[in-house]
Amino acid sequence: MAAGAAIGVCAQVLTAEYLTRAGVLRLSDILELADDWSGSSTEGYHWDIAPLGTSWEASPEWSLFIDGRLISLRALNRQSLNTLPIALSEICEVRLHATPVLIDGVLAHGGAVQITRCKPPKGLSLRGQIGAGNETGDPGPYKYTELGGPNVDRTGPTVHGALSGSSGNWHVRGMAAADEHHVTDPRIRPRVLQLFRGEKDARIIYRALGFDASSPNYTVSAAVSRTEDLLFTPVMGREIPVDRETAIASMSSASKLLGYSISGSSTRLTTRENPELISTDLVQRQARARLNTTISLGTSAIEFGAGTVLAQALFGPKQVRQTLHSFRGDATLSVGPPDQLRMSTMAAVSLDDSILGYEVFSRAWHERIGLDLRLMLRNRAPASEMTFADWATRGFRPGNAELRFMPLDMPRRRSTYSLDVTWAAGNRVKLYLSGGLRKLTNHVRPRMRATLDSTRMRLDTITDIVAANGQIARTSVRIHMPLTNRFTVKLYGVYAYPWSDADAFRSAWYHRMQIGGRGEFHPNDRFSLDMRLRYVGATTWAEFEEAAAGNPEFYTTRLPGSVYLHLTVQKRFWGERLRMSATMRNVLDHPHLAHPAGARTRALFQVAIRYAIRTRNAGSS
Amino acid sequence: MRRPFTILVLLAVATPCLAQDPFSSLEMRIQATQNVNQNILHDHWHSGRGMKASLVTPFYFGDWGVSLGVHRFSARSDVPGFGALWISSDWGVRLPLGYRFALTPAVGIGNYRMSFDDAVTTFSGESSESDFVSSASLRASLRIGRDWFLFGQAERLRVQTRPLMQLWFVSAGIGYQMETGRLLKAILE
Chain H
4 MAAGAAIGVC AQVLTAEYLT RAGVLRLSDI LELADDWSGS STEGYHWDIA PLGTSWEASP
64 EWSLFIDGRL ISLRALNRQS LNTLPIALSE ICEVRLHATP VLIDGVLAHG GAVQITRCKP
124 PKGLSLRGQI GAGNETGDPG PYKYTELGGP NVDRTGPTVH GALSGSSGNW HVRGMAAADE
184 HHVTDPRIRP RVLQLFRGEK DARIIYRALG FDASSPNYTV SAAVSRTEDL LFTPVMGREI
244 PVDRETAIAS MSSASKLLGY SISGSSTRLT TRENPELIST DLVQRQARAR LNTTISLGTS
304 AIEFGAGTVL AQALFGPKQV RQTLHSFRGD ATLSVGPPDQ LRMSTMAAVS LDDSILGYEV
364 FSRAWHERIG LDLRLMLRNR APASEMTFAD WATRGFRPGN AELRFMPLDM PRRRSTYSLD
424 VTWAAGNRVK LYLSGGLRKL TNHVRPRMRA TLDSTRMRLD TITDIVAANG QIARTSVRIH
484 MPLTNRFTVK LYGVYAYPWS DADAFRSAWY HRMQIGGRGE FHPNDRFSLD MRLRYVGATT
544 WAEFEEAAAG NPEFYTTRLP GSVYLHLTVQ KRFWGERLRM SATMRNVLDH PHLAHPAGAR
604 TRALFQVAIR YAIRTRNAGS S
Chain X
633 MRRPFTILVL LAVATPCLAQ DPFSSLEMRI QATQNVNQNI LHDHWHSGRG MKASLVTPFY
693 FGDWGVSLGV HRFSARSDVP GFGALWISSD WGVRLPLGYR FALTPAVGIG NYRMSFDDAV
753 TTFSGESSES DFVSSASLRA SLRIGRDWFL FGQAERLRVQ TRPLMQLWFV SAGIGYQMET
813 GRLLKAILE
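Top to bottom, those sequences are chains H and X. The first sequence begins at 4 in the numbering used here and counts up one residue at a time. The second sequence begins at 633 in the numbering used here and counts up one residue at a time.
Do not rely on the hints blindly, as some may be mistaken.
To spell it out: a stretch of chain H is covered by chain X in this simulated footprint if at least three of its residues, at any positions, have a beta carbon under 8 Å from a beta carbon of chain X; those stretches are [to be verified]:
| # | region |
| --- | --- |
| 1 | 289–297 |
| 2 | 574–587 |
Non-contacting residues of chain X with respect to chain H, defined by C-beta distances greater than 10 Å in every case (computed) [stated by the list, open to error]:
| # | residue |
| --- | --- |
| 3 | D653 |
| 4 | S656 |
| 5 | F714 |
| 6 | V725 |
| 7 | R732 |
| 8 | P795 |
| 9 | A818 |
| 10 | L820 |
Read the hints as simulated data drawn from the structure, not as lab findings. No residue lacks a Cβ here, since even glycine has one placed at the ideal position from N, Cα and C.
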């Protein structure tokens, strides 16, 4: 396993070692490490993320994979990594694909976050992490004087642990995790206090349990999380007091002759009692099954797969039911020996609610030359993704939100294509250049009109569901320079340029540029310093124009570019058993640096302690 | 031109002090502290004396240590008094000036926890506050035996409240240096 964050030709790879050295406390912290992803948060806990150039506030098109299984967390237009029932100490690596990718026969056309869990070490082991963060800006003792402002509380405590037994051929593991987040931003807290009439503070509380096991040919896993949530949704312009339950389960066999995988995920939002009578009850379940077989033909191989998806959503207190059946058959041909030009092509046909669709993904690459070329064509029914826009077309109105569906020639199928090329060069100093073009046709997204009711500290929004077409061109450059054996520097820059005739499409793209650098100093394998500096280009929220007119100090429509500084010092103690890290991030609490609907983040000092206790001394953490 | 030259001179002085056997020795220090500055905090609170205990060991570069300090602020106006518990991780470079005398500039980060007396609170957990604290200090030490030494220290604390709490402390204390035991060295390494 590479010690640092490797740069794959197509993906950014964050190893477990790097996540520890970077002081990652929550899964959403990987956004701080991502070169070409950007995101936003209203309360600092749920982060809406998306590959640079695409919109995180429209339907998130990126896919989440855990151990090669597609898991959907999408609920109310959002896919929040922190609600995932998974412990950081279980994670072996995270791959961030900002462009279309094929993972185990499944096409992630909007990019992917691919999480792979480690097999536990031999013997009995207990590993986990304890951490907490302290945001700056508390009034401290001044809260008892006229000088004191609003309170800013801590992040966490964040605790998780995984107990496992393994013999090398099999393993059994149980996991438990807990987290808390105290929402104290002056734009958010009054809204929440009003919602609960001051009886409950603005806190997000997360608990999770998980189990997984494997034998040489089979793996099985199940996990569930419960989040006492305050989910802000732009389409409603306010927080929703919900209990969110997320459950995932999977079983698979890795046989080459006939492999199979069965997975399921469920998200349940239950609205807590509130004086505003907001109701957003939603249950969304998906079950997936896939059979695959691989035939080897010398240096070539062909894999056939067949899969089905049964998705169901229950809306509102009356549990109005929507069901989707999807069938998909695919074939992947891989040709070419190592060290020569290799090619892999996947073709698939699908039936989504009886609507015929197709997908083609082709990749050609030469490892010695360092060239990688990928082409994707996709034409499937919108229902295949079960996004917020799809629900809106079926009449779902969460929390009595005012949705206006604009029937702009809504298509039976949504088509897209993308073309990406990457070139890697150099031995010691490595240079990575990439560029790509992506086309979106009849992409559906909400367009919001927000007004501010300042007496009640809430935003009232009217949301139009509109269809739009456009293109995005992306280019990136990365330079990886080991200056000495102990000091490595990485520089990168990403630029995305969207264009379209449609206003809704144009205003959907926020961040366009991101440049940054990272330096890692590690005099030995016991101690490391990780420094990151990132500049993110200006952003706009045109939808908040009316709200900004009402209260320009709280709600702005254009945010200037900002610089993020991240510094982590990490040290091992007691052999491989303990690792401590301390992280500092910079101050971003000036009003005009905040998301229009709430804070992005504040300066944060956080400490994490990782532990690994084992009965047998084999392998390393 | 003067600043790079100064940095070069400082580096030349400090470099021999950086190369050392990490975790080979352990220094235990205890000191009495007194807050000496006056600012808006002191319009409402009167500072009392405090104590601080530290453990310091040679690191890969410089010296690394952890400290635990307590001090009290009594109410001067209609506010509750509070006790402060301050835990920090410090890093410094020891600059020997002769056989017995040494100067050690150091920086530190940590947590500053305040527990208020009879606080009237709306929500639970607000009777105490925890905030990030950074510090910078200069310590002068005088060896008085093979293992014992006396020292005096000037230290500036910056507690990241709003408004900022900026506290200057002077302190004096005694320290003892010993070889790190095998078990403790194994833990620290």
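Legend entry - Whether chain X covers the region 289–297 of chain H (at least 3 residues having a Cβ closer than 8 Å to its Cβ atoms): Violated - the region 289–297 of chain H has 0 residues with a Cβ nearer than 8 Å to chain X, which falls short of three.
Inset, instruction - May I ask you to check that X:S656 keeps its beta-carbon over 10 Å from the closest beta-carbon of chain H? - result: holds (15 Å)
Legend entry - Minimum Cβ distance from X:D653 to chain H greater than 10 Å, as the annotation requires: With a cut-off of 10 Å, X:D653 remains clear of chain H, as the shortest Cβ separation is near 14 Å.
Inset, instruction - Check the non-interface label on X:L820: least C-beta distance to chain H beyond 10 Å or not. - result: violated (6 Å)
Inset, instruction - Quick one: work out the minimum CB distance from X:P795 to chain H and report holds if it exceeds 10 Å, violated otherwise. - result: Given a closest Cβ separation of 6 Å, the condition is violated.
Legend entry - Given as non-interface: X:A818, partner chain H, CB spacing beyond 10 Å: violated (7 Å)
Inset, instruction - Test the statement that X:F714 is away from the interface with chain H: the closest C-beta pair must be farther apart than 10 Å. - result: Non-interface label fails for X:F714: nearest chain H Cβ at 6 Å, not farther than 10 Å.
Legend entry - 10 Å Cβ clearance of X:V725 from chain H: Check passes; 16 Å lies beyond 10 Å.
Legend entry - Minimum Cβ distance from X:R732 to chain H greater than 10 Å, as the annotation requires: holds (31 Å)
Inset, instruction - Closer than 8 Å, Cβ to Cβ, for at least three residues: run that test on the region 574–587 of chain H against chain X and report holds or violated. - result: holds (count 5)
Checked against the numbered hints above, the structure breaks hints 1, 5, 8, 9, 10 and satisfies the rest.
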